[in-house]
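**Q** Now for the letters of each chain:
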Amino acid sequence: MEVTTDRSSSKDAELELELELYTIPAQSSWFVWDDIHEIERREFTEFFSESSITRTPKVYKEYRDFIINKYREDTSRRLTFTSIRKYLIGDVNLLRKVFLFLEKWGLINFLQKSDDVVVEESEAKIEQGTTPAGIRVTSTPNSTRPVIAPPLVEERAEPALTFPPLTSYSDVFKKPALVCGQPCPSHSAAFYEHNNKSNLCDKCFKNGGENNSAELIGSSAAAAWTEEETLLLLESVLKHGHDWELVAQSVSTKSRLDCISKLIELPFGDFLMGSASGRLRSSVPTEDEHLSSPSNLVQQMKTDGQEHKETETREENEEDEPPAKRKRAAMMSDGDSYLMKQVAAMACKVGPSVTTAAAKAAIAALCDEASCPKDIFETTSDYKNSAADRSVGDKDTSDIEEQQEEKEGLEDLPVGLRMRVSVATALGAAAAHAKVLADQEEREMELLVASVIDQQLKKMKSKLKFLEELEVIMDAEEKVMEGAKETIIQERISVLQSAFSGGITKRWDHTCVK
Amino acid sequence: MKASGKGPVKFRMPTAENLVPIRLDIQFEGQRYKDAFTWNPSDPDNEIVVFARRTVKDLKLPPAFFSQISQSIQSQLADFRAYEGQDMYTGEKIIPIKLDLRVNHTLIKDQFLWDLNNFESDPEEFARTLCKDLGVEDPEVGPAVAFAIREQLYEIAVQSVSSARESRLSKKSRRGSDYGSASKASGLSMDLVKLFSFKSSVVRKRKDLDVYEPMVDLLTNEEVDALEAREERHAR
Chain A
28 MEVTTDRSSS KDAELELELE LYTIPAQSSW FVWDDIHEIE RREFTEFFSE SSITRTPKVY
88 KEYRDFIINK YREDTSRRLT FTSIRKYLIG DVNLLRKVFL FLEKWGLINF LQKSDDVVVE
148 ESEAKIEQGT TPAGIRVTST PNSTRPVIAP PLVEERAEPA LTFPPLTSYS DVFKKPALVC
208 GQPCPSHSAA FYEHNNKSNL CDKCFKNGGE NNSAELIGSS AAAAWTEEET LLLLESVLKH
268 GHDWELVAQS VSTKSRLDCI SKLIELPFGD FLMGSASGRL RSSVPTEDEH LSSPSNLVQQ
328 MKTDGQEHKE TETREENEED EPPAKRKRAA MMSDGDSYLM KQVAAMACKV GPSVTTAAAK
388 AAIAALCDEA SCPKDIFETT SDYKNSAADR SVGDKDTSDI EEQQEEKEGL EDLPVGLRMR
448 VSVATALGAA AAHAKVLADQ EEREMELLVA SVIDQQLKKM KSKLKFLEEL EVIMDAEEKV
508 MEGAKETIIQ ERISVLQSAF SGGITKRWDH TCVK
Chain B
5 MKASGKGPVK FRMPTAENLV PIRLDIQFEG QRYKDAFTWN PSDPDNEIVV FARRTVKDLK
65 LPPAFFSQIS QSIQSQLADF RAYEGQDMYT GEKIIPIKLD LRVNHTLIKD QFLWDLNNFE
125 SDPEEFARTL CKDLGVEDPE VGPAVAFAIR EQLYEIAVQS VSSARESRLS KKSRRGSDYG
185 SASKASGLSM DLVKLFSFKS SVVRKRKDLD VYEPMVDLLT NEEVDALEAR EERHAR
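First to last, the sequence lines map onto chains A and B. Going by this note's numbering, the first sequence opens with residue 28, and the numbers climb by one from there. Going by this note's numbering, the second sequence opens with residue 5, and the numbers climb by one from there.
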């Protein structure tokens, strides 16, 4: 078998080879036709333990070769286990194990990714390394296909990965985006400068589409979503989930597409669609209380900044319902809301005065930069103050409504600046918080160093004490030794004296000398 | 999992999960409750009561069904447990399992081989794969297939208990080929020695392919009604 590594433009190389080429993942390059690899032996110990007549290496190899050859007869179709099991004699569970093993290693069905692979039990650990870098292998000489085949095999290096299209988006976004001037002739001529550089009249803007002009696409009946309708929509989505027909029926005045597009626009719409199995029943009541003033809600949804401030408040409101809050937290999927969430978190941490100071500084800097009067931010800073206060203080619904009314005054502020203000505030608050933390860290470090030094000193002192004691003992012992020495000498002297006074015989003298 | 006859094993369902198939068919005052499901014999017994109560409540059955349901489940479980202490014959035993069942509008006919000694086998997994590969949409078919497989396995496991008892009684001589005795004990198992020998291939012959191929039919409403009527007549 020849193995050639995948090259992106290997068409010329392929022309040289006259054998059929198949693509298998690089991880499976250990596979050889003629032999059974260690990996296979380990996986299928039952075949190699020689304890059964139905499970022998020969049987395993036959199963394996047959399955692979069957797949290679037509690599364009996905080989299913059911289609192959009728050909092989043996326990179907064992056969399935072999089949799954081969599929997992990409030796079969490599180019067809099963879309409901997830449904299968965890046994089938499908290798996710389906990179285009496959290894081309040739067919076995005794396969069912002729060895000399037409020279070119198409470069099927890319796995045929398709995702099922999201029905709601494709349903809604069929037509290109329309500028609002046309479908809403009744609306005022005042135009808004918008982030997206699309001009929307204020009515359409208010009616719930801010970043996407989805609402203006197609249906002209999607004019106004009243609060009752929004409420109904949310309830029916929670109840019926993805069944848009039923949802449309519940919200009687709106068609299916309208419901879908409206739901997308709502800040929590995506989340609801994703969790439409009804998990969020606990959060329905909180939604209701916010929807009690949905006109304010709708007006709020003008900018990302405001919208996410609102979700932030909602988040805080739900602290008494921890499970709902956790789910809300999970909902903030896109980057902007995440940012605003951080702002809120940091504002909480550093306290209101710091937040306001940071906001003011940020506004000042921005104003210098953009050379626009600070006055326009007057209300903004008040808003931020109140937001900071509120975020530290209590979490009543009434406060939010207050704040919502306050926000109505900010209708005419350009969106971009507000975004920047909030970002700058975030940065300021973050910096303040960081400085505080850094100071803390430094102090702690100093403390630790001091304690380390302390410990070392103590160690030294105890060692010194120990050595001193040792010295004292040694001195005492020395004295004792001296004393002993002296007494011995004394005794010796006295013995010699008595010996001399007694008279020394010659004999004794000699022995003494010796 | 060594497959050769290593000695008797305590009776249990020869599948990865030891689940007992339970069938209920209760008639009372003109109402009929038919059901088939798997039960975990290690569940505490009060679960039966809970299940029966829930079923009666959900299906709005008359309260007399409650005691009948729990009694039926209990007696089937008791039967199962009666076998539990005994030894089951083990050893190579590959048997053909046949499917011939109708679930709502889907008719399934199939035959395949099952190793009775493969304690990692999973009827539910098999049923899932079958339905997925054949594109069966009715979600009730899978569990019904798994149940049918389990029922057959249960029966054969019960038979192997009695065959183990037999072989123990006349044990002295039967040291030799366990496979021979296994295939004689129940006429169902295949002649494994012949099939898996060195000379033969494990690829099935063409003539047998039709037998072992699954067939799925979707019936029209009239056909379903006709079949149901016929079944009723048989039952009576």
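No lab work stands behind these hints, which were simulated from the structure alone. There could be a bad hint or two in this list.
[Said to hold, decoys possible] Below are the SDA-like pairs computed for lysine to any residue, each with C-alpha atoms no more than 25 Å apart in a straight line:
no. : chain 1 : residue 1 : chain 2 : residue 2
1   : A       : K85       : B       : K113
2   : B       : K113      : B       : V215
3   : A       : K88       : B       : P100
4   : B       : K113      : B       : V220
5   : B       : K136      : A       : E254
6   : A       : K97       : B       : V206
7   : A       : K512      : A       : Q524
8   : B       : K209      : A       : E100
9   : A       : K124      : B       : P66
10  : A       : K85       : B       : K209
11  : B       : K113      : A       : K88
[As the list claims (entries may be wrong)] Heads up, incomplete: computed chain B residues facing chain A, CB under 10 Å, no partners named:
no. : residue
12  : L28
13  : L65
14  : F69
15  : F70
16  : K136
17  : L138
18  : V207
19  : R208
20  : D214
21  : L222
22  : L223
[To be verified] Chain B residues, not near chain A, derived (Cβ > 10 Å throughout):
no. : residue
23  : E88
24  : T133
25  : A161
26  : P218
27  : R234
Don't be surprised by glycine CBs; every beta carbon is placed ideally from N, CA and C.
**Q** Report the numbers of all earlier hints that the structure fails to satisfy, in ascending order.
**A** 1, 5, 9, 11, 12, 13, 14, 15, 21, 22, 24 and 26
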